Amino acid sequence: MENTFLIENLRNHFEQDIFEMNTNTDMLTVTVSYPVIHDVIRYLKEDPALNFTFLTTLCGIHYPDRGLPLGVIYHLHNIYENQRIRIKTFVTLNEPKVPTITDLFAAANWMERETYDFYGIVFEGHPDLKRILNVEYLDFFPMRKEYPLEDPTREDKDDRYFGR
Amino acid sequence: MSNGKEYTTLNLGPTHPAMHGIFQNVLTIDGEKIVDSEQTIGYIHRAFEKIAERRPYYQITTLTDRLNYCSAPINNIGWHMTMEKLLGVKTTRRIDYMRIILMELARITDHLICNSVIGVDSGALTGFVYVFQERERVYEIYEEVSGARLTTNMGRIGGFERDFSPAAIRKLRDFLNHLPKVLHEFEKLLLRNRIFMDRTINVGPITAEKALNYGFSGPNLRAAGVDLDIRVINPYSSYNDFDFIIPVGTNGDTYDRFCVRQEEIWQSLKIIRNALENLPAGNFHVNVPEFYLPPKEEVYSKMEALIWHFKIVMGETAVPAGEVYHSVEAANGELGFYLVSDGGRSPYRLHFRRPCFIYYQALPEMIRGGVLSDAILTMSSMNVIAGELDG
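Residue numbers (this note's numbering), protein chains in the order written: chain A, 13 to 176; chain B, 255 to 645.
Please note that the accuracy of each hint is not assured.
List time: in silico DMTMM-like cross-link candidates among lysine to aspartate or glutamate, alpha-carbon distance up to 20 Å [said to hold, decoys possible]:
#1 B/Lys-304 with A/Glu-107
#2 A/Lys-142 with B/Asp-290
#3 A/Lys-100 with B/Asp-596
#4 A/Lys-57 with B/Asp-428
#5 B/Lys-524 with B/Glu-544
#6 B/Lys-304 with A/Asp-77
#7 B/Lys-304 with A/Glu-148
#8 B/Lys-464 with A/Glu-162
#9 A/Lys-157 with B/Glu-463
#10 A/Lys-157 with B/Glu-307
#11 A/Lys-142 with A/Asp-115
I should point out that these hints are in silico values taken from the structure, not numbers from a laboratory.
Predicted, not measured: the structure shown is a model, and the values here were computed from it.
This is chain B alone, in the form it adopts within the complex (with noise of 0.2 Å):
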């Protein structure tokens, strides 16, 4: 090196225990602090961008469930709510309300992976298997209502594809009156837990203007004291009925953004409350024929569903021509979907504006100076799920 000292280069290889998900850090280590790193990541690119340009519509919602798998129901909504944008077709308080609740739900599970995640990485096994007790429940739920526990394909262009079933509601209703007492406790092991919060206070700062710099969105901006938060700026599916905080960070580091996801999960909770106890009657989709499945009897006994059942099925419905961006709040950020349309079965161009891509470009900044069980804690507070880093 240029000043006579002599760095070593460590390879926190692509599979490795702590890293979550498939990715590679080549770290310049000067004793025990970092000075400088490298990320490759692609591990598990798998064409998404290449692969929806061919093919129909309703068929890129299994795509989108493999983004952020561990909340697949908010990038299947997401999508389908990009399409509901292109065709202008516009949903009942009904739906809205039933989206609102899965959405949460994917939330509360993600951020609950998220802080379980940064208590095993600091050595707390503990609080992780007692959390994922809770997500086994809601695995239930969202297979009661769309068939699939993980990559969920849930709900259709123009609503859902069945209502939400009375054992669904009694889930819903049992895992809103078991969570709080589990993440008490989870809270009182390690929220001011002394060995915790000297881990994580201070380990992997970023200030707000670079964080805006680097496009963070989500609760890892959130943490840095920029509350920007797209179901409040620009809300979506009725958003605007609820009344919720969005809790704020000072520091930016790896105990804030803990923090920030421990409360996000409290306000999701409230606002699940507020929607089942207030969801109002109606049907649990609009008619967009050209889109959505007809039922099953009619497909046997009319012709007009006989043609659009054959037309949905081998994709040759019309699309109009146009181009929109929409985005969701997903559990790491601003989730965008920029669909390009030139009227056939299947997009000309889909990009997918990935969270966890964007600003996992900044850890190299992050974890400089610091050694290297911080930049582990880092790295896993920070959220970083292979599926969306690559996509």
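Looking at chain A on its own, in the form it has when it is part of the complex (with noise of 0.2 Å):
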């Protein structure tokens, strides 16, 4: 299907929360804000014109100079068509919460885990969310931009060298 039909279609359905749409990139991107992000998936995945019901990936994201600085995002996969799109949404620091979406797609339980672990994003509504990759008494979200790569206590390795 056409970027054109799927901008007209979430336009007409979701009209206020849709922030940016994006087709510059390879993909159909779109920006919406988290109270709505469940009902969209739901929609591009229910609707049988739409019909995107395969959950590639979900991943997040840290911009720590913008108002609302952590992101997650999904890519879908309409897997009949061969068409792909991506959606965006933003929270902040304080309240990062998002909708869990691990009732559309059950593939989603490990990748929130795996987000949640890396950016510290909450899923609400997730069945078991916590750390999978990390210790569980790690008490910082390593992916974020202020978490350095190379532990900053070590006297022995020289920065000059290494994690430039």
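Quick one: dock chain against chain with the hints and give me the complex.
Written out as structure tokens, the structure is:
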């Protein structure tokens, strides 16, 4: 289906909550506000004309100098017509809560746990939100931009050569 | 328990010979039947996504090597293709065919490991030993092409670092002549073996709808009956020039996964033969001066080459800002790279869509109701590689 059809469809249904639609990248990229993200993804999955029934991936991102710094990015795929779409939503650092989509896609379970582990974004309604790749007692969120790659308390590694 | 029964908790611990890699399964067992299980992963988490934010673009290839380390060329070439998509570089057909040969070789080796390890987990170690000798031959081919055996760091943005040498072509032809005999012997051992079939049919099944909902892709999804293959629906690197069948199973059980992978090895052999016979003439790289190291003779004699060499090695070349998602059909499924660039020397955000991580969460559902030995076979038939699971 054409991008214009998608854009029309989404605009008709979610007029107030779409912040930005971008067709300059390799696939249509839509930024929505976080309260409606579940409805947007459910609409994309269940509407018979759109049919985005495959969740390709879900990841987080952190833009420290924006008003809404933490983001979640979803890639959906209509495997019957080979059409992809990217949905983004952004939240604040004080209230990083996004509704979960594990009821729509079982694949989102571990992907949301990984995003929570790396960025601290809390997915409301997730059955078992705990860290998945890091240790449980880690008290910070490593992928956020303020955390350095290397351990800053080490004396033996010279920062001129490592972790530029 | 609420129904009056008492369940046992069995820890199939992280360092267990039957776990192919390091991940833990805590099983709740009722007698012999598995009621529930919980996975703990992350023992080999190396923070690739964080490291990638500090490395220049051509140094990230070494990180991608270590994702699915059984088929490293596919990861490398997938990353180079992502960069080429961001930069808008188009490769020639010769480069595409060379890439296809290496990617299909990697796919063959990964499927060989997976299938022989299913045999090992059911007690048949002989097939594994026979088949690994063939993997040794492929290591020699990788060594001719890129210099390394396992973590190959193969290719460059825009092509390859050197052309296929005559020795590489000879080894490739020897491999293509030799592998069918070994595969036939391996199949005689396992494919229609009564004991193997009894142990693998209806073990660990999954339906097509559930598999799609869990984000399955690759041979695990095709064994459940869905013929989704990225090489066909979204052909990259001139795959549309080649004619190959997508094998599809019916039940989604362990036997179907074994058979799908076995047939994919035969199809990959066909593709490699085709690509080798029709390899077009041309150069082994396109002109991408910002990322492709110039030849050393020019660096010592010409000024522009010296400057490009310096800039590339110090990682000071500019990249257009933007975001791109590219995926390839790796041996386990759709391996995707989501790259967000802000115009700097390293990615702003790089996310690997790792197929193993996504389909491993379906394991509790697949092993529920079976016995422990069925769980081991299901795990090994799903081809869980720890490097790709944790990243």
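So, going through the hints one by one against the coordinates:
This hinted pair does not check out: B/Lys-304 and A/Glu-107 have alpha carbons roughly 24 Å apart, beyond 20 Å. Taking the CA atoms of A/Lys-142 and B/Asp-290, the gap is about 18 Å. The hint holds against a cut of 20 Å. Our distance criterion of 20 Å between C-alpha atoms is met by A/Lys-100 and B/Asp-596, whose separation comes to about 17 Å. Proximity of A/Lys-57 to B/Asp-428 is assessed by CA-CA distance (about 49 Å); at most 20 Å being required, the pair is judged violated.
Of the pairs offered as hints, the one joining B/Lys-524 and B/Glu-544 is violated, with about 36 Å between alpha carbons and a cut-off of 20 Å exceeded. Distance restraint check for B/Lys-304 and A/Asp-77: the Cα-Cα separation of roughly 19 Å lies within the 20 Å cut-off, and the hinted pair is therefore satisfied. A threshold of 20 Å between alpha carbons decides the hint, and for B/Lys-304 with A/Glu-148 the separation of about 19 Å falls inside it, so the pair holds. Among the hinted pairs, B/Lys-464 with A/Glu-162 is inconsistent with the structure: their alpha-carbon atoms are about 41 Å apart, more than 20 Å.
At most 20 Å may separate the alpha-carbon atoms for a hinted pair to count; A/Lys-157 and B/Glu-463 exceed this at roughly 38 Å. Distance hint between A/Lys-157 and B/Glu-307 is fulfilled; the C-alpha atoms sit about 10 Å from each other, no more than 20 Å. Of the pairs offered as hints, the one joining A/Lys-142 and A/Asp-115 holds, with about 17 Å between alpha carbons and a cut-off of 20 Å not exceeded.
Hints 1, 4, 5, 8, 9, counting from the list given before, are not met by this structure.
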